[in-house]
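J.: Next come the chains, spelled out residue by residue.
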Amino acid sequence: MSRATRSFELAAQVDETDSRSLRATAWRVMRLVIGYRLNSVVVMATMALASGAIAFGPFMIGWTIDNRILIEAPTVQGLYLPLAILLVNYGLQYLGFRWQFYTMGLLTGKLMTKLRADIFARIQSLSLSYFDKNDAGDLMSKLVNDVDVLNQFLSQGLTQLIGGLVRMLLLLGAMAALDWRLALISLCAVPLILLVSTRLAAMARVAYRRSRQSLGAVSTELEEGIAGVKVAQAFNRVEANQRHFDRLNRDNLEANVGAVSISAAFAPAIESLNALTTAAVIGLGGWMVLEGRVTLGVLISFLEYIRRFFFPLQEISQQWNILQGALAGAERTFELLDQQPDLEDTPDAVELPAVEGEVEFDGVTFGYEPDEPVLRDVSFRVGAGQTCAVVGPTGAGKTSLINLLARFYDVQSGSVRVDGIDVRDVSQDSLRRQIGVVLQENFMFSDTVQENIRYGRLAATDAEVAEAAQLVEAEPFIFELEDGYLTELGERGGTLSQGQRQLLSFARALVADPRILVLDEATASVDTRTEVVIQNVMQRMLRNRTSIVIAHRLSTIRNADMVLVMDHGRIVERGTHDELMALGGLYADLHTRQFSDVVSPNGVPPAEPATAA
Amino acid sequence: MWRLLRALGPYRGQAAGALISLVLMTATVLGSPQVIRWVVDNLADALQGGTAGIADFDWRVVRDGTLLLSGLAVGRGVFNFLQNFLGEKASQSVAFDLRNQIYTKVHNLSFSYHDRAQTGQLMTRATNDVELVRQFMGQGLFLMITSSLMLAGTFAVLIYMNWRLAIVTGVIFPLNILLLVVFVRVIRPYFGNIQATLDKLNARLQENLSGIRVVKAFARADFEIDRFAVENENYRLNLLKFINSVSKVFPATFLMSNIQLTLILGFGGNLVMQDALSIGDLTAFITYLIFLTMPLMTIGFLAGMMVRALVSAERIFEVLDTPSELTDAPNARVLGSVAGRVQFRDVYFRYAGQSTDVLKGVSFLASPGQTIAIMGKTGSGKSSIINLLPRFYDVSSGSVTIDGEDVRAVTLASLRSQIGIVLQEAILFSGTIASNIAYGRPEASQAEIEQAARAAAAHDFIVELPDGYESRVGERGVGLSGGQRQRVAIARALLMDPRILILDDSTSAVDAETEERILEALRLLMQDRTSFVIAQRISTVREADQVLVLEGGHIVDRGTHEELVAHSSIYADIIASQFNRDAAREQAVLRRQSSPTHVLQERVP
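Heads up: the sequence lines are chains L and V, in that order.
Residue 461 in our numbering sits at position 461 of the first sequence, and the numbers go up by one each step.
Residue 301 in our numbering sits at position 301 of the second sequence, and the numbers go up by one each step.
Bear in mind the hints are in silico, worked out from the structure with no lab data behind them.
Small disclaimer: the values here were computed from a predicted structure and weren't measured.
Keep in mind that the hints are not guaranteed to be accurate.
What the hints assert, rightly or not - Below 25 Å or equal to it, Euclidean Cα-Cα: the simulated PhoX-like pairs (lysine-lysine) are:
hint	chain 1	residue 1	chain 2	residue 2
1	L	K230	V	K105
2	V	K248	L	K110
3	L	K142	L	K110
4	L	K114	V	K241
5	L	K110	V	K241
6	V	K200	L	K142
7	V	K241	V	K200
8	L	K230	V	K377
9	L	K114	V	K200
10	V	K377	V	K360
11	L	K114	L	K142
12	V	K200	L	K110
Make a model of the complete structure from these sequences and hints.
T.: Laid out in structure tokens, this is it:
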């Protein structure tokens with residue numbers, strides 16, 4: 001009965017997907033299963049063995065009663081052979097089951113492993129625009145959930161569904177061979193059960209959908225209530241929130257009770273039909289025994305058959321619900337697998353040779369949505385070894401420059417060239433190997449410090465890793481960690497401070513010794529000492545490399561060979577810091593706003609008065 | 001366990017109904033083989049009597065038997081349904097209660113609890129753990145009783161029918177139990193392994209998804225795929241080992257039951273030959289066999305479920321049993337409208353579970369309407385001061401008074417209703433913008449809400465949203481930028497029109513323009529109120545009537561900005577480190593125009 005409830009809950013997750021696409025998905029799953037040819041043949045063979053043995057048992061019992069017990073002058077010796085046959089039969093049934101479980105597990109295990117690997121590989125090949133649209137957390141829970149449901153169905157449901165069908169057919173054959181009239185009576189219940197279970201399932205699906213929705217509201221309120229508890233207390237909202245939660249919770253309770261009233265009827269209905277069929281067989285069978293049409297042993301066989309016959313029927317109707325949930329999950333999984341990467345290496349893409357590092361944007365227009373350009377006709381050139389600082393208000397298009405250079409996205413028109421070679425003409429791997437990227441978020445993997453640095457170049461030796469760490473002055477704090485370089489960083493590097501993580505991502509970029517460095521300066525505040533270190537390290541990193549920096553630090557901007565000022569997707573000003581200040585335009589304005597809040601230690605406003613509007 | 005059963009208390013009617021239905025259902029189930037026995041015996045007798053016997057046969061036996069069986073079938077269905085439904089209903093109600101209690105508890109626990117607790121963990125307890133407990137109570141508990149009852153009932157009936165055959169049947173029963181124990185023993189270690197490898201696999205995926213930009217930036221797709229393949233294969237092999245064990249042991253339970261069947265047929269058949277047993281008895285024995293096997297398997301399955309449910313229940317009760325260390329004193333008064341005179345007297349404070357004080361003898365006085373800026377390094381005790389005022393925590397010693405009233409002597413509600421707080425992180429709740437602004441005063445009118453929004457410089461962007469004030473935020477709502485959220489949070493505090501204001505003045509992650517707008521809103525908010533500000537920017541400090549400089553839990557310096565600049569070297573250091581990124585070098589180019597800071601400074605004497 002718990003299985004029935006679970007199966008309804010699963011079925012309720014299926015939205016009104018049209019049945020045709022589900023059928024197509026079902027075929028695709030079947031093709032995958034049958035793809036493991038030898039394996040699926042063995043599964044079928046073991047199923048047939050187990051089912052055959054199950055169908056044979058009751059017959060043998062009835063036969064023994066008729067021909068060895070209810071006869072004139074029965075002997076104990078007469079029982080030996082039939083009992084031995086029964087034992088052998090049951091032994092075979094055990095073997096059939098054992099290998100059916102195992103081979104099925106082997107098959108689904110292989111299948112699911114391949115599916116997971118395919119999904120993972122597919123994810124790696126998708127461009128960033130896909131991840132812009134799909135939140136990582138959502139994607140994760142969807143993947144895990146869908147694959148899990150599919151796995152459950154394949155490892156249990158499929159066996160029960162197919163195994164159940166095979167068993168029912170064999171049982172039905174055996175019953176019909178014994179007596180077709182009694183078999184017919186037993187069969188009567190099948191359409192009834194199908195009717196009852198499909199009706200109940202349809203009702204249950206509606207009810208469970210309501211229950212799911214109300215549960216969603218409860219979870220959301222819980223999550224918010226817990227996350228925002230400090231605000232709730234600060235604003236005296238505790239009681240009001242409790243009333244609100246109580247109402248949501250009560251809605252959920254009512255929806256649940258409504259759903260339960262339906263699912264609770266499921267198993268009893270089938271059991272009752274089972275028992276009623278038994279009654280009918282006793283009635284008709286009893287009469288037939290007296291008429292001499294069947295023997296008493298056949299009647300007893302039938303009592304056993306009915307029980308065995310109903311068992312798979314019950315399982316199948318439950319699995320049917322799970323099947324739909326699993327198929328919906330499979331459909332979403334296939335959708336992901338079929339997702340075409342929108343950014344692929346061209347067929348004739350070449351490896352980017354070792355570059356000098358000249359970067360050129362030539363009339364680049366680009367938008368994350370086709371009709372919402374974030375870059376409009378942007379052109380600039382950074383000579384090899386030069387540093388280019390990009391500044392501008394939020395949303396000006398600064399990050400897009402970086403995204404295009406590393407070819408996380410493709411331009412809509414114009415071109416991005418490295419040493420005169422269009423980035424679309426070379427393989428993505430070879431391009432990114434020569435570009436060191438430091439992102440704002442400083443993502444760390446849950447691995448050792450050493451491995452996190454080595455991520456920049458897998459072939460780097462321990463010594464090279466240490467060298468990079470020294471270069472970014474990260475060694476002092478690394479040695480303070482428990483196990484030095486071998487310290488395991490927690491999830492996303494949670495054990496480190498912002499500044500420390502930033503230094504490590506610098507080291508990670510440096511260990512690859514890239515010709516071109518792309519840097520999105522973090523805005524998050526770090527303590528003073530680290531700030532000084534970061535500034536020093538930055539200067540050292542940028543030296544002798546072509547660098548494009550989305551700059552927030554004045555020191556970075558002042559040391560740049562060229563400053564690009566961006567606004568609304570265009571480069572509105574360019575030049576050195578001093579030139580731009582003299583210009584008195586947007587840059588001068590931004591500069592004032594961003595840095596004017598700075599005072600000198602003696603508290604006196606800086607000496608020079610305003611020179612520009 | 002007992003406590004769980006006690007939780008059923010309010011629903012004992014439903015539980016009792018379920019229990020009664022359960023007993024009746026068991027009776028119908030156990031009764032039907034007896035009817036079959038009766039019919040079969042009569043049939044066998046008639047057959048033995050030959051043609052005469054058949055002619056004498058009372059047809060009513062078959063008719064009554066069929067009717068009786070049908071009646072039992074219907075009864076079985078009805079009682080089974082009732083048992084299911086009532087049990088589920090009661091368990092759903094218990095889950096409802098538990099969730100409500102957790103929610104209430106969470107809301108009444110003090111900040112010190114929430115500092116330590118993790119949102120995710122609390123969430124798990126309120127959802128997964130409650131669900132496990134519910135499943136066990138609704139299904140497991142009653143199934144367990146049914147199964148035990150069924151086992152006992154079957155044995156009783158079998159012994160009553162024929163004790164010798166019952167013993168033969170029972171001989172294999174301990175073996176069955178043994179098998180079940182072996183089964184559990186064999187599979188248990190696998191569960192941990194499987195879960196662990198699956199967790200690893202999922203962690204790989206999770207990390208890959210969140211770090212996808214880094215993966216792409218370093219062109220590490222192949223490396224990641226290989227790493228994933230290792231975990232993937234590892235998981236598969238662990239699972240396969242488990243399946244291998246299960247597939248060996250699990251079908252053996254059927255084998256056992258079938259061996260039992262063969263034994264019954266053999267010994268029973270022999271007894272029938274000796275006329276010590278009727279053929280109907282034999283049939284009934286065979287039919288009863290299922291009632292010995294299935295319940296045993298069910299109990300085995302439920303035992304695992306019960307253990308998990310009990311662990312979950314423990315975790316739930318752990319939350320519910322956490323004492324709320326912060327409650328109204330028994331004779332707490334309602335704090336009347338205050339002027340806003342705040343005094344800290346020799347306050348010592350340490351967080352629960354910590355061994356050192358974060359505040360060590362802090363004393364200061366804020367007159368009504370003053371602005372107090374609090375400065376200091378991370379960990380110097382800044383936030384502790386502002387947390388003590390609305391009594392999110394209690395002082396370890398010393399006192400905090402408002403208009404001379406100790407905050408511990410008044411009710412929390414009356415205290416907090418006079419204190420407006422803008423936390424560093426602007427948390428909004430799912431709902432409309434309007435409902436978020438009115439969070440602290442749900443009865444506020446639309447006009448008041450808009451007024452607050454205007455004052456917080458939020459009105460302009462709000463009316464530009466698709467549904468204006470009725471736009472939904474939070475889950476499935478419009479996305480607001482950090483600066484916009486902050487302004488909504490400020491409006492929320494403004495609407496309370498509090499006498500005392502607490503600001504964790506942080507505008508990280510917004511651009512300069514927004515920052516300025518927020519600052520302006522904050523300035524407005526602080527006018528004529530006693531305000532406490534954790535200062536992040538120099539303009540705020542300059543405007544403050546009093547600056548408290550904290551270090552290691554002590555107030556090491558105090559005074560106005562000008563006084564401190566003149567006297568305090570510590571203050572100069574902090575100013576330098578906190579605000580002076582490149583100050584020395586930039587002096588030459590920095591210009592101070594007619595910034596709002598300046599304008600205000602001229603106004604403030």
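J.: Work down the list of hints and note, for each, if the structure agrees.
T.: Against the structure, the hints come out as follows:
no., hint, in the structure
1, L:K230 with V:K105, "13 Å, holds"
2, V:K248 with L:K110, "20 Å, holds"
3, L:K142 with L:K110, "21 Å, holds"
4, L:K114 with V:K241, "18 Å, holds"
5, L:K110 with V:K241, "13 Å, holds"
6, V:K200 with L:K142, "17 Å, holds"
7, V:K241 with V:K200, "18 Å, holds"
8, L:K230 with V:K377, "23 Å, holds"
9, L:K114 with V:K200, "17 Å, holds"
10, V:K377 with V:K360, "16 Å, holds"
11, L:K114 with L:K142, "18 Å, holds"
12, V:K200 with L:K110, "18 Å, holds"
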